[in-house]
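2 protein chains.
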Amino acid sequence: MGSIGTQNASVDEVDVLIIGAGPAGLMMANWLSRLSIRTRIVDKRGTKIFNGQADGLQCRTLEIFDSFDFAHRVWRESNHMLEICLWNPPSDMDPEKPSVVRSDRIPDTIPDISRFQQVVLHQGRIERFFLDSIKENSIRTSCNGKGAEGEIHVEHGVLPTSFAFDETKAEDADAYPIEVRVRHLTDEESKPAQKATSANGTAVQDGIFRSNLAADDTAELIKRSGALDAKAGREETIRAKYMLGADGAHSWVRQQLGFSLQGDSTDYIWGVLDIIPITDFPDIRMRCAIHSASSGSVMVIPRENKLVRLYIQLTTTNSEGGAKLDRSQITPETIIASAQRIMRPYTITYKYLDWWTAYQIGRGSAIPSHYENGMNVSMQDAYNLGWKIAGCVKKRWSRDVLKTYQSERRRIAQDLIDFDHRFSRLFSGRPAKDVMDEEGISPAVFKEAFVKGNMFASGIAVDYGASLIVAKSGDSAEQGDGTKVMLADQASRVVSKQEFATEIKVGMRMPSFKVLNQADARPWHLQELLKSNGTWRVIVFPGDIRRPELKQKLNGLGQKLAESKSFLHRYTPAQEGFDSVIELLAVHAAPRHEVTIFDFPEVFRHFDSNNGHDYNKIYVDDESYHEGTAHAYEKYGVDPSVGAAVILRPDQYVSWVGAMDDFESLQKFFAGFMLEASAEVQNSEQRAHELAMEVHGATGNGVTDAVAKGGDNVVAVRQADTVVNGAL
Amino acid sequence: MGSIGTQNASVDEVDVLIIGAGPAGLMMANWLSRLSIRTRIVDKRGTKIFNGQADGLQCRTLEIFDSFDFAHRVWRESNHMLEICLWNPPSDMDPEKPSVVRSDRIPDTIPDISRFQQVVLHQGRIERFFLDSIKENSIRTSCNGKGAEGEIHVEHGVLPTSFAFDETKAEDADAYPIEVRVRHLTDEESKPAQKATSANGTAVQDGIFRSNLAADDTAELIKRSGALDAKAGREETIRAKYMLGADGAHSWVRQQLGFSLQGDSTDYIWGVLDIIPITDFPDIRMRCAIHSASSGSVMVIPRENKLVRLYIQLTTTNSEGGAKLDRSQITPETIIASAQRIMRPYTITYKYLDWWTAYQIGRGSAIPSHYENGMNVSMQDAYNLGWKIAGCVKKRWSRDVLKTYQSERRRIAQDLIDFDHRFSRLFSGRPAKDVMDEEGISPAVFKEAFVKGNMFASGIAVDYGASLIVAKSGDSAEQGDGTKVMLADQASRVVSKQEFATEIKVGMRMPSFKVLNQADARPWHLQELLKSNGTWRVIVFPGDIRRPELKQKLNGLGQKLAESKSFLHRYTPAQEGFDSVIELLAVHAAPRHEVTIFDFPEVFRHFDSNNGHDYNKIYVDDESYHEGTAHAYEKYGVDPSVGAAVILRPDQYVSWVGAMDDFESLQKFFAGFMLEASAEVQNSEQRAHELAMEVHGATGNGVTDAVAKGGDNVVAVRQADTVVNGAL
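Just so you know, the protein sequences line up as chains L and G, in that order.
Last residue of the first sequence: 728 in full-length UniProt numbering, with the numbers rising by one and none dropped.
Last residue of the second sequence: 728 in full-length UniProt numbering, with the numbers rising by one and none dropped.
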């Protein structure tokens, strides 16, 4: 799709405009490229980043990457962190001989919470995987997005200069109420301010004072594209149905919306070194928290290749909180000297320095936890929002679904801030000298915080509150951020019966255990079946279908599902695949050898006159030849003599749990927000809009605070009264 | 490296010339690209193949692919076969109602023999992965191979027209005794004969009578490159130190060497259909062997996507063995009709036909087993040979090592033929009616053959005989193909003490179990540490090094290894990495938490003044956080209170097993064939040549037979008296 000539040659219309091509913006573009949404993504930077910026990737982030088919690339290239080692002063320490000893070890990722474990990989590679995925998706879907070849591609060196929102078009689903003017920058303009120094013959990136309030402006090692100048100075108008701000803490989008950000006063200074260490410290390839008695703390994060990131508490702390320090005070040499004091009696030095910086941060906010979580949370924000917007653009569901973005993600942001505060007090504090030392932090308390923090940091603990797409009991406002996200009509509310599947928690992501394909006996992690392709899923657990009463229920359900008025059909456009909007899967508990797919109603093994049966919808919880038995029913808390059914959102979160044959609840749930795929689309949309909820602007303290903490963040804009603003 | 202007502009000199770019040729090119050997690879075909030619990939082939870092691509794209279902007439069959029932199920891959299981993927994708790997390797190693960009790339549409071997240069390691003249073909000339028919609107590849004697000449769906004509008619002379013939059963290379091939007479006809089946047969996604009472047999091979390959015994068999059938007699329709008769009462048909063919094959040779093994064996031939040639080119070891190619691989070829014969008798025969029916094949006998065949078909059972690089007791000629491959000097012979590691069998490939990196606790399959990079490896199993006597032995060994006269140093050129020729690894059995890498002598954790210690050489057999405990010592048959040491070849085969501190045997073993990396290289080579063995030409019946069976095959040529000829 080229430029639209409605007014002049420099006006383009797209469904979604994304501002910012960091991990959050790329996550969004990736979603939209999968779902064939007309999208443009612009970034003021001249190119993607290429090194530095190493980040821990949460288990949940890897699960999401896997749903987009590139987790294996991260898994292969990243450094896997398996163990956290806690180092503290020995209890019998001679005060004249400062030293640290290993006081404890804990697993870096809590066993069994995910099929992935936390890994570290630099952001440049993650951006690469997104870019490759976007390209593949664009080719595969023949997407009518922007670009000479019909592809979505990141437009670098493009700066938004003005923003207008036409409120008169806000309620028109086919209108483009958003208008953004952009200017193409020169190569020079699009290069972030940076200063290259040199150590040991290697160009070194000096990112000094890259505080968390200026993330996008501080230095990264940028490879200059050199190709921007040809377009430089060109101006263009882009009209969009939706706009995403994923342009960081100094967000231009936020400024346009009038959200102001405040930073905390600063009083701690931390240095960061990415080095190839030369050391006799035995745990340099482990994640370590090293607390010296009086010289401060070091966090060790082993990276890919031979690199290690050290977060080092600087003893040159300026006593006047908030005052700017003279940058000449802090150098890689002063930072490593601090590490050397803290890590005594071990020695540590380096010849190769990859990147360094120093932070002045707010009281009660620790860099390490922030750093590992910020990118993950912002990508997960975009992951939460992408499918919702795509469904609105395609008129598959009501725009009310969008409001759940705010209610779900602002809560996560607040949790992250709380975690940051708690954790940083412990990390920056002085270790207790003995049990009588009440001001110091005892190793036991610190370890407990680490263990608890690990669950939070995995991203697996996220639990979304009740809404029109999470059929949970209780008060939705209390469970979220206060936004009203329930159907106005209480009689339409569907509530789960959690007891049918006690470990498939409504509001949380679907846990993954191995099941076997009935037709070919291949084991799959259940999550591998839940690719991010925009479809909702109903998974029926019919139990041991050798039991006549269960077989009868299964057949009865099959009959209802097959009817044309069933939710399985009424929301699916005739020209699209039978499973393109809602996919039906089954996991049964009879022995694999005693049944075949033909024991299931045809709706579970869709027949196509050209391609025969679909062999990829029916699975079984049974022993595999090479990978043991997962005992999926047991782990999901489903009784094989009773069964269960669940609804999963396109992002793998659990919407509903109930009886295996509760067709009525399934039908009612989808009727709450889905739009009919028929001539009555307009009427249905109208009906859905009648159920519309009041929406609160995102101006609470929580979000301001969160934004202040966040690096990247995602803001979704559609119209004045439905600003959907997810924090972080 | 461009053309050499020694005589005229059209003469080029390379270390290795490869004729044929099928899987075997590509395997060789891939090896050589990794090892920076100047290589050209030419193929008379205009392009790689793009569909059809689906092949099962053996466990061992996947292990090899993993050693080249692309097994994961195969694993993701291929169809995984988990179960073999055997179908036979029911014992109480009504003769008026022909039918088959599932009589048994067996695992497709024997559990626990490998970390991979057999999968199916079409050859075009496998060629793609090789081509990508060769490109990556060429870039990474800055290889001085052929190509405008210094890369090794396949030169398509290039036909060798003459061959000359200069015997006067045969003993000069720096000479190019082989001279081959090649002609660049037109696009039309380079397109194999093929005939496209049409069914259901889809272009269909008709490969009828693609017998196993004419594999390369029969049809494949070729995408025409259209770019060859510009060079067409150009002639060129290529001089090489070594030449590889990987140009199939009608090998031009073999013709040049005077090896003639004879085919068997033919009397069975099988049809092959690649279709998307429309069927109610419940096991269509399993590998099935279906024997009807009197209508013949069907083999089902489920493929990637929705495709299934059917091998169908045609009941239109011509009674006169060997006579050519009129091709109009066999069509996809007649083939599927046979399948329908055999598979009654189940129905099977198709609308999409991807490819089909029919074979007239020799008595006692079954297509299915041949098909699944031919490509694997030819790739494994090339895998066996590649590192040996590279080491000779680099003057790392004596050319005597090359002779082991013939002794090792011809034995495998004979085994394959024997297997083919046995298996096909069973598969083509009629099922026994009852226990009194002695002419029929009983289901129990057939099942037993399948189970035994599975071990053979995995590629894991390969067991190379004693040679100068396999320190095994016994008669090397008897264990191989008769070739003399031992050192002439019996006093130099080293013999393993298998009892130190009872399950690390000398002559077989190193089994793989998980061990943890001591420095970061990450679990690795041991084979993942054995990448194909041309290095030999010594793995020391020092046992539980908390035991003082073991710690003392370890330290003693470390001291000897560190000396400059140690095998670890004397064969390694000063300008190359310390572990580039022989890599030292350790797997200990003390609890991971009770030791660190600093409990090991420095030679196990090489220190570099720029990059610090090497953290990737010391592993431990201990419990992992997320993947259980592998019990590697137990599975390797190593006593943790005794320890062991092993030598592995660059292809992961076990050369030697002995005591953990038996430095003298290690030293002696390598002295048998390694060349000193010093000024005395010439002298050492001389010494090695004094030990040279007699070499037999490869003209035995075994090899002729094998070639007649084989599709691809590999022939290595160096000089008249050292023709190294591996069969298949």
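Don't read these hints as lab results, they were simulated from the structure.
Be a bit skeptical, because a hint or two may be false.
Any copy will do: because identical chains look the same in the list, a pair fits if it lies in one copy or spans two.
With a Cα cut of at most 27 angstroms, we get these calculated DSSO-like pairs of lysine-lysine [to be verified]:
#1 Lys395 - Lys433
#2 Lys484 - Lys514
#3 Lys306 - Lys135
#4 Lys635 - Lys514
#5 Lys560 - Lys395
#6 Lys514 - Lys306
#7 Lys135 - Lys514
#8 Lys306 - Lys531
#9 Lys135 - Lys635
So, against the hints stated earlier in the document, which numbers end up violated here? 1, 2, 7, 9
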